[in-house]
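Visitor: Chains as they are written, first to last, in the working numbering: chain U, 448 to 623; chain F, 8 to 109.
Quick list of simulated restraints, FRET-style, between CB atoms:
| # | chain 1 | residue 1 | chain 2 | residue 2 | range |
| --- | --- | --- | --- | --- | --- |
| 1 | U | F567 | F | K108 | 43 to 49 Å |
| 2 | F | E106 | U | M481 | 25 to 31 Å |
| 3 | U | R478 | F | V77 | 27 to 33 Å |
| 4 | U | L459 | F | K108 | 48 to 54 Å |
If you are wondering where the hints come from, they were derived from the structure by calculation, not from laboratory data.
Heads up, the beta-carbon is just placed ideally off N, CA and C, and yes, glycines get one too.
Each chain, written out:
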Amino acid sequence: MEFLTAHGADLLFYVFALLAVGGALGVVTLRSPMYGALSLLVTFLAVAVLFLLRSAEFVGIVQIFVYGGGIMVLFLFVIMLVNLHKLPDLRLFHGQSPFVVALVVALLALFGYFFVHVSFGPAFVRPEVFGTVKGQTGNPQAVALSLFQQQLLPFEIASIFLLVAMIGAVVLGRRQ
Amino acid sequence: MFAVTTTHYLVVSFLLFAIGIFGIAARKNMITVLMSIELVLNSVNLNLIAFSYQHSDLTGQIFAVFTITVAAGEAAVGLGILIAFFRLRESTTLDGASELKG
Chain U
448 MEFLTAHGAD
458 LLFYVFALLA
468 VGGALGVVTL
478 RSPMYGALSL
488 LVTFLAVAVL
498 FLLRSAEFVG
508 IVQIFVYGGG
518 IMVLFLFVIM
528 LVNLHKLPDL
538 RLFHGQSPFV
548 VALVVALLAL
558 FGYFFVHVSF
568 GPAFVRPEVF
578 GTVKGQTGNP
588 QAVALSLFQQ
598 QLLPFEIASI
608 FLLVAMIGAV
618 VLGRRQ
Chain F
8 MFAVTTTHYL
18 VVSFLLFAIG
28 IFGIAARKNM
38 ITVLMSIELV
48 LNSVNLNLIA
58 FSYQHSDLTG
68 QIFAVFTITV
78 AAGEAAVGLG
88 ILIAFFRLRE
98 STTLDGASEL
108 KG
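Construct all of the structure, not just a fragment, from the sequences and the given hints.
Guide: Okay, here's the thing in structure tokens:
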């Protein structure tokens, strides 16, 4: 029990990191896009928990709403809209996939080398920045203050970007 | 060794990235390729959050919010392209997209 209270956050990290990677493997290996989408949902929710464990409470909840809600419904909607009954007799992977596996393994070796040899020093030295210390009003307020004061211009540009994406999606989906 | 550090987050993020790249390059189904792109964007967000925590700097979290915005727009446009392609070809395999082949 003392072990759980002392290392609970670490244990949660390992459990949800495994879930995230397992869900991602499901996305690229499962034959049916429907099962792939549900596997992707597992990854999204597990990654949201990993955000919460790093004091990113607002981003974690936005991840659940936008990815687990919006984008996932969009994917499921499109999968049900297009007729995929002819898929099962097709081959799953391209002929180039051995080269892709070699590329990915080379990337893993390269990045793994750096991950082992770089140390980042003490983390989380100023917890009050995130607004999660006891007595503060919370992470969403800290994010909102930064978003609407220092980062106002990118915020407005994002609104124009969303308008352009919406018009683009409508034009692409229109019947000629 | 047991305690979780930024390196642990980098490893998970990189695994998601590698799996996503494999899905983008090796799968034939267009829907799965779009889902793999979402995996890659998610791994980027994981990196941003981990380094935000490492440096006690809120900017990483703000940047992650913008990345999620761009990912939502990308999913909407990508699925719009998929619907248009499906109307044209009656399938969602990438091999059918050969209009620009020389």
